[in-house]
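We have chain A; now place chain B onto it with these hints.
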Amino acid sequence: MPRTLRDPVLILTLTVAVMVVGQAASYCPGVFDWEASAGMEGDELSYSVWSNYATRYSVAAFAGSEAPKTAYAFYDGKCGGDRVSWPGIDSELRNMTHELENRGCDLKRVDTAGLMGLIGDPANEKAVLLAIAGVLPREAYDGTPESPLLKWVGLGGRLYWSGGPIGKYSADSDGTSVVQGYSEAIFGVADAVYEGNGKSHGPVADVGEALSLTSNNMKYGLSEDLPGALSFGRSADGYGTAVSVPIGLGSITALSMGGGGLARVDMVQALAAGVTPDTALLGVSHGNVGKGAVSDVLTISAHGGTTTVYAYLGGQLSTRGKCFSFP
Amino acid sequence: MSEEGAVGNRHSVGAALDRVRGILLHPFTVVMVMALAVRLVIMPVLTYNYDVSYWALIIRNIQAGNGLYEVSGYYYTPVWGYFLGAVGKVCGVLGVDTSVVRFDDLLVVEDTWWPYYVANLTGTAFNVMVKTPLVVCDFLVGYLVYWLVKDRTGDASKALAGMALWLFCPIVVYMSAGQGMFDTISVLFTLLTVILAYRGNYLLAGAAFSVAVLTKFFPIYIAFALIAYVIRKHRGDRAGMARFLGLAALGFIGMTLLIYAPVIAQSTVSESFLFFTDRLGRAMYSGTGEQAVPIMTLLTSMVFLVQPIIIGFVVYAAYRLYDSDNPDVDGGFLKVCMFSLALAFAWPSSPQYLLVLLPLLAYHVAVVDGGYLRPFLMIGFGAAFAGFFMCNFTMLLSFSKQTGLIGTETVLSIIGWMDATLAFGLPRMLFLVVAAGALQMAGIWLLLVKGFLEHRRGGTYAADAA
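Respectively, the protein sequence lines represent chains A and B.
Just so you know, the first sequence maps onto residues 1 to 327 in this note's numbering.
Just so you know, the second sequence maps onto residues 328 to 793 in this note's numbering.
Chain A with its partners taken away, still in its complex shape (with noise of 0.2 Å):
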């Protein structure tokens, strides 16, 4: 080798090993690793973070909150033509698989065969269905409130809904129909959904502020007027960017689409936590951790049921957390 070429080849080798070792980074396991805990003594809430890099933490006490360990969500690439095997369908599906596995959370798929199976077991009553496609299938729901779908949603199951109005649209293997007075039956009002472009540029909620939620982009966000609606985003015009209505025992939680990953993670935090209609914050604390592990109590307002503490990294880019339940 000429000896003049030590510099650039130097600089190569140098470069790669940089580059090598950000791969290490990006792949290897355990590199960015956490750990959490928590302990409850009357309305005490005593909780550890643990993390070997630094980011920020958040723990959050709920009353009224049912964290899932497994949730189902609505996928059949041969429902709907277009509109419901749409390949973004699928990505996004994986990406929520992988969001709420770091969250303590199993994403199972079904598709119109196994999601009529799910609502028609009445083991599933209290199950978890995401359906994030905009559409749904017509044997499930066809616009009355007959439908199999509403009637499981009435007896106890929690359908946690993005990507379209909900209930407009149903389909089969032949296409998407539109579904007249889809408001009404669903909800007993009409223009229950927000249909616009509209953006709000008003805070977060306290419930959606203890779970870092950032999207404030209203297109088919629910009515705040719902009989029993929580309403856990941002607002504005009557119409709030997530919102959870109570239906019969169970409950519908819509949260508005648009804003990419943005709207993917407000959706993961709110399904891991178990958002419902009843969920109340009690407590939130806030902070950083770096190379070590954090410590601290919070003391809760007092209430009868069951508290839910949901514990998490990164601040409004959430990466991991995890439930904790005590009756």
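Hints in this document: simulated from the structure, not taken from any laboratory.
Misleading hints may appear alongside valid ones.
Stated by the list, open to error - Stretch-level coverage of chain B by chain A, calculated; a stretch enters the list once three of its residues show a Cβ under 8 Å from a Cβ in chain A:
(1) 407 to 414
(2) 432 to 441
(3) 471 to 485
(4) 513 to 525
(5) 533 to 542
Said to hold, decoys possible - Sample of chain B residues lacking proximity to chain A, with all beta carbon distances greater than 12 Å (derived):
(6) V372
(7) G392
(8) S399
(9) M582
(10) V642
(11) A673
(12) F726
From the three backbone atoms N, C-alpha and C, an ideal C-beta is built for every residue, glycine too.
Leaving out everything else, chain B in the frame of chain A:
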């Protein structure tokens, strides 16, 4: 100690001080220090939140254990993602917060005509950290320009001029220290490819070319010149020619496998080409609601439509190199590489893409013909202004929120002024971008016309042999 010993010590200390003074006041050091000072001022003050908060999102996905592609967010080929992985780890060790905060009072910037502003801000320390590898690459490229000019001419002052042209070029300073876009990494490996090939180390040249192309695709345009150069340089030695091309291919494939190993293991190879396929998709379809997107769709469609013509010219330039009897094959290679990259941007490109052309253009200004200075300056200033006007004064939001030295209301009012309609229902910022972009395009076309006229005169790339 004897008097003689003391005098000797004083002399050796004096000589050492003189040496240090000589190094510190050496023009090379002065240029480096001044270039560093400019960047150190800009790095914390100017930041394009749309890009930099995105880099924080990629680091967030890595921290979550999902690598680069398991969760959507990173759309480029892996190299820059790996650098972000390293930045994320260093931030973790140093206690630098990598998180993003979405400010409610900044949400108005997301309602402007240009859809690429966000209310999401990263911290100043993170902004500096994420730009640090880019600035380091700027300096490595500067040194390699110095090395190349000195190697070709033996003239340190010309080498210094070439290095200074690169280091103080406005678009170079702005992209790495301000906007935080990573093209300078691709530039570094492109220049390494050219240097290693020209000095006959084809294995490493192939490896460097892989990194260059897998950082940003544009260096691919010099592939034809590389092949033509190896064939021309070893004309008459078929075995050697095949061996050297084989070595280059081996280096390229080996490095590509190294880079892609974990991506292949996770079966996410297609995701790593989303930036390219998304652009291709955008060229073929439109229909989003964003106001500025139809213009972007039109431009992207145009870029893909003109590619056959551009590639035709690039192949022709490589053929001329292969076919030439000019004894200065190395000079011809450097020139054809430069023109191949200039041809690649014979359309209204994003300002950051042009960085890859500038080191070889700086070399030609310093070595071959001062007439190249005019297109260099037009590209350098035009692209820098175009880039700044695109990002608008959102560049100041992070600094404003973190330090309070500039009022956020003031910054928002300037952004509002830039977003106000000037004519034809279009905002003021767009007219400024178009004006600066026209200067940038004029620089590219001036360079191409100059190259064409030189070619008509019979080719003069051997001028640098002097």
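- Index of numbered hints that the structure contradicts, given in increasing order: Hints 7, 8, 9 contradicted; others consistent.
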